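Order-wise, the sequence lines are chains U and W.
Position one of the first sequence corresponds to residue 1 (my numbering), numbered consecutively onward.
Position one of the second sequence corresponds to residue 1 (my numbering), numbered consecutively onward.
Treat each hint with caution, since some may be false.
[As the list claims (entries may be wrong)] Label pairs and their computed distance ranges (CB to CB): (1) W:L63 <-> U:R63: 51 to 61 Å; (2) U:A38 <-> W:D72: 44 to 54 Å; (3) W:N68 <-> U:R67: 30 to 40 Å.
[Stated by the list, open to error] SDA-like, lysine to any residue: derived pairs with alpha carbons at most 20 Å apart: (4) W:K40 <-> U:T9; (5) W:K40 <-> U:L31; (6) W:K40 <-> U:T30; (7) W:K40 <-> U:G39; (8) W:K40 <-> U:T52; (9) W:K40 <-> U:Y41; (10) W:K40 <-> W:P24; (11) W:K40 <-> U:A35; (12) W:K40 <-> U:E40; (13) W:K40 <-> U:R63; (14) W:K40 <-> U:A38; (15) W:K40 <-> U:E34; (16) W:K40 <-> U:R4; (17) W:K40 <-> U:L62; (18) W:K40 <-> U:P46; (19) W:K40 <-> U:L36.
To be clear, the hints were calculated from the coordinates, so they are not data collected in a lab.
Since we're looking at a predicted model, the values are computed, not measured.
Note that CB positions come from ideal geometry on N, CA and C, so glycine has one too.
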Amino acid sequence: MSLRRQGTTLFAAVLALVATAVVLQLWLLTLSMEALLAGEYRTLVPAALGSTALLAVNAALLRYVFRFDRDVGGE
Amino acid sequence: MNAPAEDNGRGHSRQTPKWRRDFPIEWEGDHYVSRREMVKFLTLGSLLLAIANWATALASRLLHRGSNVERDIGPAAALQAGQPLLFRYPTDEDPCIAVRTPEGRLVAYSQVCTHLSCAVVYDRAQNGFFCPCHHGLFNMAGAPVAGPPTRALPRIRLEERGGRIFAVGKEA
């Protein structure tokens with residue numbers, strides 16, 4: 001199996017993980033907006049921290065994708 | 001312009017078909033690139049969502065700022081038991097209501113109903129704050145007890161000093 005074909009399968013899995021994280025971030029944002037309008041300010045910073053953690057996971061996955069892509073380019 | 005030629009493996013060269021010239025990318029390569037680009041696009045979206053989350057947290061800080069200013073709302077003698085006093089706090093845009101309970105305790109809340117922002121009024125008969133728009137009722141602790149509101153009224157902290165009443169803070 002060529003490296004590029006492996007990459008196609010791998011990227012589909014990465015895409016599923018990233019999409020799940022983005023949906024969770026959307027959920028956190030709607031939660032934050034509701035809390036803001038309700039005047040419950042204590043939950044906002046933890047929600048933002050959670051969103052940042054999910055961003056970090058996504059960034060790490062993207063970095064992996066870039067590194068894999070570089071290997072495919074050098075094949 | 002001549003079409004590119006390729007070897008068919010038997011020593012004869014033949015022309016590349018037109019469809020191949022129009023669509024030179026294999027499906028496998030197409031899937032590889034489109035998934036890679038989608039990961040990039042979603043990560044950018046993830047960055048924007050994280051920024052929006054922090055902006056929300058920052059907005060709450062800005063809204064909360066100025067909620068602890070001190071404001072003289074009137075003489076204590078003006079507030080008899082069971083009598084409401086309307087005032088504005090922390091800004092002139094924020095209507096509030098203070099009541100001295102029959103037990104002599106002083107309480108104050110934002111006058112804005114947490115349902116659809118109508119002004120609540122003190123209802124002595126029901127011993128609470130009544131919203132005439134949709135018949136919402138809050139008890140003297142500010143908690144909703146009847147009607148459509150589900151959230152408590154924001155509480156205003158009061159202090160009595162030298163015969164005057166001061167609003168000193170707003171709680172969410």
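These are the hints, each one checked on the structure:
no.: 1; hint: W:L63 <-> U:R63: 51 to 61 Å; verdict: 37 Å, violated
no.: 2; hint: U:A38 <-> W:D72: 44 to 54 Å; verdict: 29 Å, violated
no.: 3; hint: W:N68 <-> U:R67: 30 to 40 Å; verdict: 51 Å, violated
no.: 4; hint: W:K40 <-> U:T9; verdict: 16 Å, holds
no.: 5; hint: W:K40 <-> U:L31; verdict: 25 Å, violated
no.: 6; hint: W:K40 <-> U:T30; verdict: 23 Å, violated
no.: 7; hint: W:K40 <-> U:G39; verdict: 35 Å, violated
no.: 8; hint: W:K40 <-> U:T52; verdict: 17 Å, holds
no.: 9; hint: W:K40 <-> U:Y41; verdict: 32 Å, violated
no.: 10; hint: W:K40 <-> W:P24; verdict: 24 Å, violated
no.: 11; hint: W:K40 <-> U:A35; verdict: 30 Å, violated
no.: 12; hint: W:K40 <-> U:E40; verdict: 34 Å, violated
no.: 13; hint: W:K40 <-> U:R63; verdict: 10 Å, holds
no.: 14; hint: W:K40 <-> U:A38; verdict: 35 Å, violated
no.: 15; hint: W:K40 <-> U:E34; verdict: 29 Å, violated
no.: 16; hint: W:K40 <-> U:R4; verdict: 18 Å, holds
no.: 17; hint: W:K40 <-> U:L62; verdict: 7 Å, holds
no.: 18; hint: W:K40 <-> U:P46; verdict: 26 Å, violated
no.: 19; hint: W:K40 <-> U:L36; verdict: 30 Å, violated
The structure fails to meet hints 1, 2, 3, 5, 6, 7, 9, 10, 11, 12, 14, 15, 18, 19 from the earlier list, while all remaining hints are met.
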